Each structure stands twice: as C-alpha cells, then as structure tokens.
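4 protein chains.
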Amino acid sequence: MFNSFGNILRLTSFGESHGKGVGGVIDGFPAGVEIDMEFIQQELNRRRPGQSAITTARKEPDEVELLSGVFEGKTTGCPIGFIVWNQNQHSNDYNNLKDIYRPSHADYTYAVKYGVRDHRGGGRSSARETTSRVVAGALAKLALKQLGIKITAYTAQVGEIKLEKDYTAYDLSTIEENPVRCPDQEKAKEMQELIYQTKGEGDTIGGIVTCVIKGCPVGLGQPVYNKLHAALANAMMSINAAKAFEYGIGYKGIHQKGSQQNDIFFNDNGTINTHTNNSGGIQGGISNGQDIYFNVLFKPVATVLMEQPTVNADGTDTTIKARGRHDPCVLPRAVPIVEAMSALTILDYYLLDKATRL
Amino acid sequence: MFNSFGNILRLTSFGESHGKGVGGVIDGFPAGVEIDMEFIQQELNRRRPGQSAITTARKEPDEVELLSGVFEGKTTGCPIGFIVWNQNQHSNDYNNLKDIYRPSHADYTYAVKYGVRDHRGGGRSSARETTSRVVAGALAKLALKQLGIKITAYTAQVGEIKLEKDYTAYDLSTIEENPVRCPDQEKAKEMQELIYQTKGEGDTIGGIVTCVIKGCPVGLGQPVYNKLHAALANAMMSINAAKAFEYGIGYKGIHQKGSQQNDIFFNDNGTINTHTNNSGGIQGGISNGQDIYFNVLFKPVATVLMEQPTVNADGTDTTIKARGRHDPCVLPRAVPIVEAMSALTILDYYLLDKATRL
Amino acid sequence: MFNSFGNILRLTSFGESHGKGVGGVIDGFPAGVEIDMEFIQQELNRRRPGQSAITTARKEPDEVELLSGVFEGKTTGCPIGFIVWNQNQHSNDYNNLKDIYRPSHADYTYAVKYGVRDHRGGGRSSARETTSRVVAGALAKLALKQLGIKITAYTAQVGEIKLEKDYTAYDLSTIEENPVRCPDQEKAKEMQELIYQTKGEGDTIGGIVTCVIKGCPVGLGQPVYNKLHAALANAMMSINAAKAFEYGIGYKGIHQKGSQQNDIFFNDNGTINTHTNNSGGIQGGISNGQDIYFNVLFKPVATVLMEQPTVNADGTDTTIKARGRHDPCVLPRAVPIVEAMSALTILDYYLLDKATRL
Amino acid sequence: MFNSFGNILRLTSFGESHGKGVGGVIDGFPAGVEIDMEFIQQELNRRRPGQSAITTARKEPDEVELLSGVFEGKTTGCPIGFIVWNQNQHSNDYNNLKDIYRPSHADYTYAVKYGVRDHRGGGRSSARETTSRVVAGALAKLALKQLGIKITAYTAQVGEIKLEKDYTAYDLSTIEENPVRCPDQEKAKEMQELIYQTKGEGDTIGGIVTCVIKGCPVGLGQPVYNKLHAALANAMMSINAAKAFEYGIGYKGIHQKGSQQNDIFFNDNGTINTHTNNSGGIQGGISNGQDIYFNVLFKPVATVLMEQPTVNADGTDTTIKARGRHDPCVLPRAVPIVEAMSALTILDYYLLDKATRL
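Protein chains in written order, with the working numbering: chain A, 1 to 358; chain B, 1 to 358; chain C, 1 to 358; chain D, 1 to 358.
Please note that a few of the clues may not be correct.
Since the list gives no way to pick one copy over another, a pair counts as held whenever it fits inside one copy or between any two copies.
[As the list claims (entries may be wrong)] In the DSS-like style, the derived pairs of lysine-lysine whose C-alpha atoms are separated by at most 27 Å in a straight line are:
#1 Lys257 / Lys145
#2 Lys321 / Lys257
#3 Lys165 / Lys252
#4 Lys214 / Lys354
#5 Lys98 / Lys189
#6 Lys74 / Lys257
#7 Lys74 / Lys354
FYI, nobody ran anything at the bench for these hints, they're computed from the structure. For clarity, every value in this text was computed on a predicted model and none was experimentally measured.
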C-alpha cells in the first residue's frame, strides 16, 4: 500500500539514505530461477553514484547481501530478503538541513505528513532507495531472460540535445560505451559536455529516457484499470524526478488523424503483424506482441550548489546552499532504474496473466 | 486486481458495450455524505454521446440507478452498487466485427488473451465502461466538496490548435459554455471547426486535456512507489485512448536548469508558500498544498469511417469499413472522465492518509 | 478491503436486506467456463428462506440476473456483475427497530461505527447478503467441476444431537433427502424435531456444519500467512453466526500425542499416500492431495420471538419483541453458504498457485 | 499476497530456519511511536527456544537489529526493516532430511509446490519464522499501549489438563510466574509435569491458548467479509500447528438456545453495556467495546524422537528418526506469538477504521 510495488511479484523496500542500509523483500518471485550474483552486481554498478565524471562524486560501493529465498543457487519460491549496507555516510553534511526545507525537495511535505523527519540526506525520499529497485529488477531480468524478454533503456535527450530518430534507428547494444548511456556516440559526447558544463555551474539538467521491451508475449495487461501502459506509467512516475510518461507514438502523434495513426494488421507469412507500431506494443491495455516502447521525462535534480532562498521549519525566511557534491544530471543513472521498474512490471503482469485461465 | 481501481475507496466496474448495462460497486465510500442525484445525472450528461454536433451521434440516455449504500439520502458506509442500463443498442451493427480485428482496437489482444470475445461494440474494451467511472467520480466529487477540494478539467489542445497560456490565465468556470469544453471561447470555436471538419472526413483527431485540483491539503501521497503523481498517472493512463501524462511544468521545463525550475519557499504572511509551482503541487510524491495540475494526451479514436486493410481472426487479409456513427474527437467527453478519475484518486489518497497516524 | 473476498478471484458484494436488491461483481473469473443457469438457481433455492417448515417463513423467490461477463453461454474473463432483486419486503415490520438496539445483533456496533444506519431488517448486516455468496459460489463450483474438485457440506450437529462418526462413514449424496441436510436420515429426523420444537418456543438453536473438499490438487496454499486453512477459517468466520472453525482432527485430537496424530506417508502403488488424514488434507498450509475437511460452529440466531430487555439508541432501558417470522436454526441454510465460501476460496487459491511458476 | 500479513499495517517477512536470518518489513506503521528496544527484546525472549526445561533445548539468542524507519528513538512513518540473524545452526543435523518427507510436516507439499526445497530445519516452513511476527507484534503493542489497548494470552489447556474457569476468574498478570504461562499456578505445575514427562518419552503434546484483548474501542471490523473475528481467525490459523479457533462463548454455547446466548444491553450509569459477553466483544463483525476473547487449539508438534515410517522423495518406503532436540509442547512459546498476531490485527483494523470517515 505504502512502500510496496506490484501485485503478484511484490517488492517491499525499506531504508533511508543515511540509515543502516537500504533493502527489501521480493515476494512472489517464481521458484527455480538461477541466480547470477555477478549480473546483479553489474546492475548495481550501473546505478551507483561516482561511476563517472558526470554523476555525483558520492561513492557508494553498493554490494547486495541476499538474506533468504535462494538455496543452492536457485530461487525457492520463498521471499527474497536483501540488504545493501550504507557506507561512506557523511551525515554531518546534512546537519544544516535539520530545520530547513530545501526547495522542490520532499522536506516540507514529509514534515507535515509525518510530524517527524529523518533529515539526513533526504532520509526515505532520497534516490538511494532506488538501489532496492535495481536489485529486484536485476532478479526480474534473470527470470525474464528465461522467457526471452529483453528490456533496454537509454538516454534520448539531455536539455536541448536530443536524438532525432526513434529507437529502431540505433544499435542499443552500444549504450554502455559512453557514460551518458546514449546509443548515438556523437550525441553522447555533446550530452556529456553539456552535463559537465552544468556541473561546473553547480547546476543541474534534465532530459528523456527511452525504454524498449522486446519479446513480450501477447496478452499481458488488463483491459480497464490495470492496462499494461497504466502500470508502466505508474512504475515510471514512481522514480524520483520523473515528470512525464508517454508510450508509443505519444506526443509526436498529436498532428496525426486516426486514419494515419492506426496500426494496420496484415498476414506476415502466417502470423498476424502490424505495418506500423504507433500503439507501442499495447492495444486496449494489453500487449500485442510488438515492441513496447515509451519515454520518461526527468526534471533537473533539485539539489543545486548555488545559494537559494527558502524557509525554516518555523516558517522564517532564510537561505540554503548545498555543500560538496551534487548530481548534475540524473539521466545516466536513471537508465538502469527505468529498466528495473519495467522488468518488475512485466514479470508481475506475466505472472498475473497466468492466473487468468483455468 | 483486474477491474478495480483504488486502495481504500475502490471502484469495481462491470459491463460491456452491448450487454445489459454498465455499473459497479464503490466500496470504502465514507458514511454520511449527502447524495445529490441531480448532480450525478449532470455529470453523466457531460460524458454522454450525442450531446453535441461534434461527438458521436450514438444516443445513450444514461440514467444511473443506485442499488445500495444510500439510505434516506445519505451514504451509509456500505458498498454503493449502481447500474446504468444499456439502451439503443444496435448490436447488429457489429455483426461484421465478429471475426475481424479492427486496427488499433483491442479485438486482437482480447481474442488471444481470453480465447473468447464479446465483439459487439468492443464489448468490455468499449469506452462505454467509463460511464461507471463518471458515476463513481460524481460521488467522490460530492465528498471532496465537503473537504473544499475542487477538480476542473478542460480541453487545452485539439490537433494543432492549442491554448498558449497555462490554466492560471483562464476562467475555468466558463468551460461548459462551448461543446469543446475549452476556457478560451475563441480557441474553442477553432477547435470545434476542426473537429467538425474531421468528422466530415470520417476521420478522428486527438489532443490534450488539462486538469487542475484546487484545495488539496498538504500530505496526500506516499513517498516511494505510491507517489500522488504516480497514482494520477495510473488513473489517467487507464482512460481509453490516453497516451501520455505530464504534471507540473512537465515537458515545458526540459530547457530549464534546476536552479530555474526549483520552487522557492517563502513566508507568505505566516504560512509557507512557493513563488512558482513548477512542481505541480506535489513534492517527493506528496501534495504540498499548491494547485495540482497535469496534462493528458489523447490519441485520435481508432474507429474511422474510411475503409482500412486488416486481418480476419483466422489471419487472412481483408478490409474493414465502420458503419454509421463515429466519435471524431474524444476530448470533450474525456474532460468529465479525467475529472472523475482525479476525484477517485484524490479521495482515495485522502482516506489513505487518515490511516497513517494513530 | 471492506466488502471484497478473495485475491485473484474476487467477489465484491453490495446490497441490504430491504434495499433494491443484493448483488456483486465477480472479478478474475477465468474465461471459457460454461454457465449453467439452472444449477445457479438450484443453489439459490438451497439458501432460500421459506424452503421448509424448519426455516424462516420469509419468502424470497431469489432469481439471479447476470449483468455482464457472460457471452453466448460462456464466461469471457470480464467481470461478472449480478443482482438478485429484493421482493416481498415488509419494511414496515422493522419500523420499531429504528431507534432500538437488538441484543447480539449488529445494530449497536453499526450505529457507532458509521453514524448512520439502515435499520430495515438489519440492512447490510442481514444474512440476506449471503445470497451474493451463493451466486458467486455456484459459478466457482462450475469452474471447479472442470478441475474435478467437489465440495460437499452437511449438518453434523444441532444442539445436543450429533453425528457420532466422521464424514467417511456417510453417503454424502443423500444430504438433500431431508430438510436438515444431514447424511444420517435417522439423526436428521431427530434434528428436525428439535428445530421444530425450538421454533414453537419462539427460540433458536445452533450447531455444526462439516465440509469436505475432494479432488483438490497438491500445492494450493501459501506457507506462512496465507495458509490454505487460514484462508478457509477466514472464509467461514465471515459467515453470519459462525463462532468456531476447526480442521482435520481438530479438537478431537487434543488427547493424542504427536506420535499418534502424525499422518504416516507410504507408497501406495506408486503414489505417495498417508495412512490417516488427521492433517485434514493440509500440511504446512498447503494442500497435500488428501480430502480437506473442517467444521464450522454456528450459534443460535439472535432473533427470538420472546420479549427481551435492551436499550434505545439514546441509552434508555426498554424491551424488544420480534414480530412474525424467525429462523429457528440457521444450519440447513448455512450448508450451501459454507460450500459457496469454500468454492470461492479453493478456486482463488488454485488461480493464485498458477501465478507462482514461470 | 504470499508472505504478507495485514491491510494498512502490513508485515512482510522473510527468512528460513537455517539461512542467514529471519526478518521483515513493517509497512504502514504510524509515525511518532516511541520505540522501547528493551521491551522488544523481552518479547523475543518469551518466544525463544531453550528458555526453560519444557521447551526445545535449541539455543537462539535472537537479538533484533532494526534497519530503518526509526529516527532518534521514534518511528518516522517509513517502513521498518529488521533482521534477527541466525546463529547456532546445526545444518548438518538435517542432512538426513534432504530426500525424505517427515510425517505431518510441510516437506512433501513444499517439494511438489515449488519443485525446489531448502530442507534444512524445515526452511521457510519452520516456526523460526514466527520470530519476525514477535518483533512486529512487539512494535504493534507499543502503539496499542498509547491507545490503551492491552492483549494477554495464556495457556488454558495441555492435553487433558485444563483450566475450569474462563479468563475473568484469573489474575492474568501472574502468567509469567511459571514456564507454562498459565494463570493458575497449581494447574501450571500439573501441565509442566505432563510436558516434562512427554518430553522424556520423545513425544509431543498439544493444547489450548486463550487470548484476551481489553480496551478495544467500539467500531473495529468490517461487517461482511472482513469481520474482526474473521481477521483474528485468519491470524491465528496462520500460526504453525494451530488447528482450531473459537471466539466468545464458542463451543460451550452449543447447548444454549438463542434466548440464553444473547447478550442483553442495559444502561450502565449512562453508557451502554451488556450483562453477559457471549459475543466475545464482537457483534456483526465489529468490536462492541467489551473484552474480546478467543481460544486457539494447537496440535502436538510433528517432530517426535521415536522412529516413524515414511517415504523418500522418490516414493520408496523408509523410516525416519529425528535426532537430538525437540519441542515437547508448543504452547508456552505460542503464547507470545498469539499475542503478537492479535496486536498486528487490532492495530491494522484500528488504522483501517480511521480511513472510513471523511
């Protein structure tokens, strides 16, 4: 209800930025899936701060400890508890935040909602929580791999610099070749430069992540309130700093008429196929076997290094100036989180679909 | 799980386009709310097809019958069952759809997922199901009114014709003065003309609905997976033909740096206020007391009157040509549905928030 | 959460004793199940008041109207809405209850919890709500039949008159041969006489219903909080007037040592079997393929025809005397309700189990 | 769904008997509750094996480590992660269980359901999981204390030795004065002797735990499927070895007529009270302000030290003889678990009730 994600496959996460650690319980994970610890670590490394010159310099080694649910290298169908211990916490860096509300952060809303607040590094509202998502998402990816489903996200736009073509024009296997995680190496350089420059200004910048899901079988999703794209929108908008979601042709199709946007079915050597995929692989809320693709807009991170006016907890006007390290662009590290939340959603809906037939 | 919406306040809907009727059960609705049947009917009228020259000519009188949960004019805390009986069903109009998959409709995905399919008028996937949402939303609005929360949506863009300013520039009480439900009467005329022209071509067109929620208290929403804007995204993307969701400054902010987009707190005569509202009234997933606003993109309706190629259920290529009436633009009728889903979401989160403190 | 039952297969019911009707929505019902309306009606007849001299004389024709989810005689996977219209409501019989709290009824607790109360015939707390359960249970039985699972309940004890042997000693197909629904025709007569005599006194009497589930596959149930017998206990205790639940050997085993109660496994011509079934077909919360059996204790119905002291809503002492008709023993009509709730539970857990493997 | 308990307050537990540890996440715990670590430890000590001569000799120090959700000694409203690390694991003691199904254990059902199985000490099905419940229950008790709600359970029967009177006849504050946790010190000695003797025989014995909840406000519980006693039954039957649940007068009332069992209301110096409490504090599924009380039957533990016939995983007949230590009677240690599950249920329903009014 509060800190859980999913229906059948359900991640419940816990932990704060500067507490003992972040972790969670993955319930409903199918039995018999082989666990590849190296792969999970690799995914964590993709999310980790400090991985390149264009992300925050905060160092988090981030090693996951599985606590249950795996026996002799395979999942047992029992809940998978896990924890990533916090290290390198400079809690004192945050003493100045105890009684102050940072602009566009969750400080004020938390304080009013709960009455108490762990102010250190944003506490529960910190993006450090996404570590748990990446661990769970890595496990989901291992299960999806067995089903032939592959999920890839990439940076499609940073500020004004954007890819001109859609995902089909790029080789998505080249994403890890640059720190921006963009499949166009030229654009990647431009983006990287923009981020670096923004970092130098102590400022931040946003952009767009595109995600592509290949190999999804026909039939996932519910027709009314739990449409597959509604579940994906919910998943994406639960990621810190996400501000918009569009799937398929999305906003680009606003100038099209219905006769232009419709995806025409045809008999493709014995199987039913569509000439176009403006629907983004989902029709009537249910996957149709085509590629699923969507965009997620991320706003610039709220923590900037310049002085800003704000108020204290008692309402008096004051100013704030963040110290030390900041993350100039969340995009490169958002890529694995988008993938993780997609993997959790698709595996959940895959399992849910199995329960709809006798 | 499948046909339910909400956590505490939960709507479970039933019904198909050409079955006996559409209806639902609203569970968790608070006791003691006065029921204004005239208001509910008024809301249904706003959703009803055939209300003006620019919507579908299909006539649906759409009168709701409350079946339970109301006693002597007030809600009792017991589940509210309701039904809107179907009338004027031209099921025979759809005989030609029995073995054919309409492009960009749910026919194909339903057939594969369930094995059986009520093909008449789209069956369960028909937008007729939204009648249930409008009934439930009207009830939710009555409860929200007691709390001083007001929700207004309007048409902000049709095809290329769009409002240039944000919601604060318009008098939202004038929306019902034109059939497009647009607060700018000049633009409304242009939009209306475009829709009328598109209708003449047998084609369809999409656009954007903006929604504004005023009076929402601070503290609604969960910090991690059930952020208030994630719940709203989920709600909006569950509406037929919705393809994108953005909240607050959204895509317009992509060129801003963090220092520009941050909403600066200040002491406003004793209460904490912000100079701007790029956050769209939600920070860290929790409402902050400012106006909540967001956009929903709707694609052109898939049913067009020109002949289109497609396949039969057995996979053979064929063509299809819809007969009779079609809805050239879903926007005017989507407005009350967007409001209804917003009302259900906000009331649900209001009740959920009450359960978080001793 | 409030008026829903089940996880995957979920019944949400609505309706009050003297409102328009009682009904519900069955969500998650698998597609492709053939609907036998005659069977459903037959099940409703078994629950119906006025069916014999030993139940309440209140006449309720109780015909169900399916509103959705069935097309050309088969379920479609879409939610099944249904209603049983109320008839023969003597609401005026209950005018005297408006401001009075009947002893051991829900009048007082409802009034405090909700502030308002539909006092007519107990409103929502009336056993009339179980009509919805019997409809949904009948549908579940149709699905279970396809799976070879059969559920039979019977009256095992009324007051002091009880069956001496366990279910294996009786021919359960003879239950409908007497109005008590007891498989021992001699005992049935004694029970019937006791009930008839109690009725004459204007009083009521309780007893025990035993339920047997045959053909349940191995593997249904969750190991920890959602054990199969915990789900059954929850289901049974949700029936009006139920006061106790025991499964397997239950209380009879209190004098046994562990070495006596353990069910010894043996190789039974190639399949794993047990010599005894003290476990009642459930081990570690999961079905083991043996018969599942359990008892449910029902208290005497609270409505008696003699005058009783009580208080008014304002707390002043007064007396109450129910008028007209009463139900001397709930057992005969509880039998189909116990079966219905069992059927819903088993089908739900069957579907849930399907979602636990890739 | 699988390893979670509760609606608003939700415990999701993880861990196996011989894995790294057992723990969980408590979500929905209200903010601002003071945490008393000493009290939590005390509760764990009451559950701990090896605490007296009449329980298993297995030593488990059982110290809980809170991982999140508490800041400066108070809960923050964020999820409370916790772990109790396993120690003193003699995994090799269980090597002989790898390919054998212990009678009346979960070995066989797990193997069929999941395909894989952590056989060490019963893995997930081990009662060691209840450690997590006691931690969560202790936290719930701290919140309930603020509300004036007090929960006490005690051993009421062991084999044939039973308390003759109901809970009102005893001083429940004396329960911890004997290792059986029985409020009658004489009976406690007899019970203790019986258990000790049973232990000497390598056998086990069951009995009854009674639980009493005082101070519960009027109005907790839902009227239909989620009646308060149904939730308690579900909670109790989720405890290992529980076989029956009865509340209020329960089976003792089977010989009463309705006119005898009804609880008569009267004006008790201005408040509404009842002369008797056969309803066990719950009417129509909702608490009525009287004491809530119920019994839970526990069967003899399945692990006995004598040789028993059984089968191997491949179905061949064999014998099994447990080694070393066993728990002759689960009752003394079940007492704190019954209290814990009651506390979680009551707090959950308290919070849920808050969400039912505007």
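So, going through the hints one by one against the coordinates:
| no. | hint | result |
| --- | --- | --- |
| 1 | Lys257 / Lys145 | neither (38 Å within a copy, 38 Å between copies) |
| 2 | Lys321 / Lys257 | between (50 Å within a copy, 16 Å between copies) |
| 3 | Lys165 / Lys252 | both (12 Å within a copy, 21 Å between copies) |
| 4 | Lys214 / Lys354 | both (19 Å within a copy, 24 Å between copies) |
| 5 | Lys98 / Lys189 | neither (39 Å within a copy, 54 Å between copies) |
| 6 | Lys74 / Lys257 | neither (51 Å within a copy, 37 Å between copies) |
| 7 | Lys74 / Lys354 | both (22 Å within a copy, 19 Å between copies) |
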